[in-house]
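Protein chains: 2
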Amino acid sequence: MSILVMGTVALDTVKTPHGRKEDLMGGSATHFAISANMFTQVYLAAVVGQDFPEKHLRFLQKKGISLTSLEKKAGCTFRWEGEYHEHDLNTACTLTTQLGVILDCIPRVHPTLKNQKNVFLANYDPDAQLQFLDSLNNPELVGMDTMNLWINTKRKSLRKVLRKANILIVNDAEARDLTEERNLLKAARALRAMGPKLIIIKKGEHGGLFFSKDMISALPAYPLETVKDPTGAGDTFAGAVMGYISRARKINEQIIRRAIAYGTIMSSFNVEGFGASRTAALTRKNLESRLKLFKMFFRF
Amino acid sequence: MSILVMGTVALDTVKTPHGRKEDLMGGSATHFAISANMFTQVYLAAVVGQDFPEKHLRFLQKKGISLTSLEKKAGCTFRWEGEYHEHDLNTACTLTTQLGVILDCIPRVHPTLKNQKNVFLANYDPDAQLQFLDSLNNPELVGMDTMNLWINTKRKSLRKVLRKANILIVNDAEARDLTEERNLLKAARALRAMGPKLIIIKKGEHGGLFFSKDMISALPAYPLETVKDPTGAGDTFAGAVMGYISRARKINEQIIRRAIAYGTIMSSFNVEGFGASRTAALTRKNLESRLKLFKMFFRF
Chain A
75 MSILVMGTVA LDTVKTPHGR KEDLMGGSAT HFAISANMFT QVYLAAVVGQ DFPEKHLRFL
135 QKKGISLTSL EKKAGCTFRW EGEYHEHDLN TACTLTTQLG VILDCIPRVH PTLKNQKNVF
195 LANYDPDAQL QFLDSLNNPE LVGMDTMNLW INTKRKSLRK VLRKANILIV NDAEARDLTE
255 ERNLLKAARA LRAMGPKLII IKKGEHGGLF FSKDMISALP AYPLETVKDP TGAGDTFAGA
315 VMGYISRARK INEQIIRRAI AYGTIMSSFN VEGFGASRTA ALTRKNLESR LKLFKMFFRF
Chain B
75 MSILVMGTVA LDTVKTPHGR KEDLMGGSAT HFAISANMFT QVYLAAVVGQ DFPEKHLRFL
135 QKKGISLTSL EKKAGCTFRW EGEYHEHDLN TACTLTTQLG VILDCIPRVH PTLKNQKNVF
195 LANYDPDAQL QFLDSLNNPE LVGMDTMNLW INTKRKSLRK VLRKANILIV NDAEARDLTE
255 ERNLLKAARA LRAMGPKLII IKKGEHGGLF FSKDMISALP AYPLETVKDP TGAGDTFAGA
315 VMGYISRARK INEQIIRRAI AYGTIMSSFN VEGFGASRTA ALTRKNLESR LKLFKMFFRF
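As you go down the protein sequences, you meet chains A and B in turn.
My numbering numbers the first residue of the first sequence as 75 and each following residue consecutively.
My numbering numbers the first residue of the second sequence as 75 and each following residue consecutively.
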């Protein structure tokens, strides 16, 4: 089955030890969509400004990503500028944020897509996540992400979204902030009590942990010699996980594990290029061939 | 085949969020020996003081660990006191160190053990590691560990030991300090150029990375809800790795991977109790049963 993602579509300016790139196509929903698109049909719901380059839209459409729920509004596209330092490529230092159109407009689903069964609420204001979710007719599988800003400023709204979600995909700092538990197993248990029954905690270069009622699991990241730009790695991971699960049409331990392995591999490609350049150019063969190498790690 | 380990046998006082324990049996060679002993015959070479409790020696002997190369000298046993904080159980803060007898005496191998083929040089002054190694008759498999103190103060001697080692087992900070490379894949390549052809980099709660000429691999740590005392986790890991390889009598990718999986599981038990209390009480059944759960992580 297909998946509907709501989130940001942005223009990113990124500086890393490998260089500086301006106005890259970025945003939580963009990275998610490009990744999920490797596995299933993706519908992207987002708002951009008049300045958003047509070439980016054409690129997404050419990939087969549906933009019927992407609206162009008067104003500027959301822009983010960040920097990563050599000693900690896991952490982005935000230099500037220009909200632009996303300050007043929230993504709306196209009327023909209101019956979508699989939805992902990428990082966004939880009030907007809630409103978007409420505009849908009984989605069956709801995944979500968030960030420290919303944990600190909109905890109440965030808790409402959490109650409606099945899958939470957050990083370790977010899991800890949301629960005030340092130990990630305890944090996962507390998160499950807040609503979502499947918890995925991303640890960047250290891989991830996954929790359901009966399962605790862990995977390392795929080791890389060159990390050019970590922006969007988490959204890329989530895109592959949700894309794979949506395609599978069911959830069991085996499928979750496979989904997470694909997430790991997709995000390893993401960080090897600036923006979504590497994932956008990825072939099925590239993906399967790295997954095969990854599987070798665990032959013992 | 059996393995000979040289290193420290110490009395540790440890404070963690789970309590404070005085005069625990500790030291790099102790943790290594107790762990390796699950897999093969261990010969322990170390020096302790007159104050070292007989009950600890009886305990090790009862386990089947050979103490023919453990010498009791006039003076005090090496003592270490450290503390771990809730927010970072990966890092030990040393409160006091009393070198005692290890200041003047270095471990010597018993004449009957000079032909040992498998040797591990646990964390120790590299000059002593070198002298110990030179007293052996052509060991075939030499594993080693070190620490930041020696990297900073005795780099030249350390490089000499490295040239004679086949396997290096260090943590991520040590790998970076030794090579001045931040990226661990680049660090591993630089370490291989220094001598040892198999490099194992431990990342504590984040698992580990493993490098040989043809293989790069990674494993997560076994996720735990309760970490009582991380002291000795690295030595326990090394003990299982070297113990398993020694028992296997050969090295290939499959054996290295299995050895590292056992190391991961053994060290997960180690941190669940103070000192070596948990590993020392471990049964084969405990070990295999957790390894089985761990293997499940990678069924995708």
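Rather than coming from a laboratory, the hints here were simulated on the basis of the structure.
Keep in mind that the hints are not guaranteed to be accurate.
Mimicking DSSO-like on lysine-lysine, the simulated pairs with C-alpha atoms at most 30 Å apart in a straight line are [to be verified]:
| # | chain 1 | residue 1 | chain 2 | residue 2 |
| --- | --- | --- | --- | --- |
| 1 | A | Lys89 | B | Lys369 |
| 2 | B | Lys260 | B | Lys188 |
| 3 | B | Lys369 | A | Lys366 |
Cβ-to-Cβ under 7 Å is the rule here; a few derived chain B residues that face chain A [to be verified]:
| # | residue |
| --- | --- |
| 4 | His280 |
| 5 | Ser291 |
| 6 | Arg331 |
Label-pair distances were calculated between CB atoms; the ranges are [what the hints assert, rightly or not]:
| # | chain 1 | residue 1 | chain 2 | residue 2 | range |
| --- | --- | --- | --- | --- | --- |
| 7 | A | Lys271 | B | Met289 | 33 to 43 Å |
| 8 | B | Asp208 | A | His161 | 31 to 41 Å |
| 9 | B | Thr300 | A | Asp288 | 18 to 28 Å |
From the three backbone atoms N, C-alpha and C, an ideal C-beta is built for every residue, glycine too.
**Message:** Interface hint check: B:His280, Cβ to nearest Cβ on chain A, cutoff 7 Å. Holds or violated?
**Reply:** With a minimum Cβ separation of about 4 Å from chain A (threshold 7 Å), the hint on B:His280 holds.
**Pair hint outcome, A:Lys89 versus B:Lys369 [Cα-Cα no greater than 30 Å]** = violated, 39 Å
**Message:** Against the 30 Å threshold, does the CA-CA distance of B:Lys369 and A:Lys366 hold or violate the hint?
**Reply:** Holds. B:Lys369 to A:Lys366 sits at ~17 Å (cutoff 30 Å).
**Asked** Taking only the CA atoms, is the gap from B:Lys260 to B:Lys188 under or equal to 30 Å?
**Response** violated, 36 Å
**Asked** Holds or violated: is there a CB of chain A closer than 7 Å to the CB of B:Ser291?
**Response** OK, holds: B:Ser291 within 7 Å of chain A, min 5 Å.
**Item:** Range agreement (Cβ of A:Asp288 with Cβ of B:Thr300, hint 18 to 28 Å)
**Value:** Given a distance of about 20 Å, which is inside 18 to 28 Å, the answer is holds.
**Message:** Using the nearest Cβ pair, does B:Arg331 come within less than 7 Å of chain A?
**Reply:** The hint holds - B:Arg331 has a Cβ within 7 Å of chain A, the shortest such distance being about 4 Å.
**Message:** Just to be sure I understand the hint, the distance between the Cβ atoms of A:Lys271 and B:Met289 should be within 33 to 43 Å; is that true here?
**Reply:** At 37 Å between Cβs, range holds.
**Asked** Quick one: are B:Asp208 and A:His161 within 31 to 41 Å, going by C-beta?
**Response** Taking Cβ atoms as reference, B:Asp208 and A:His161 lie about 38 Å apart, which means the hint holds.
Of the numbered hints given earlier, the model fails hints 1, 2; all others are met.
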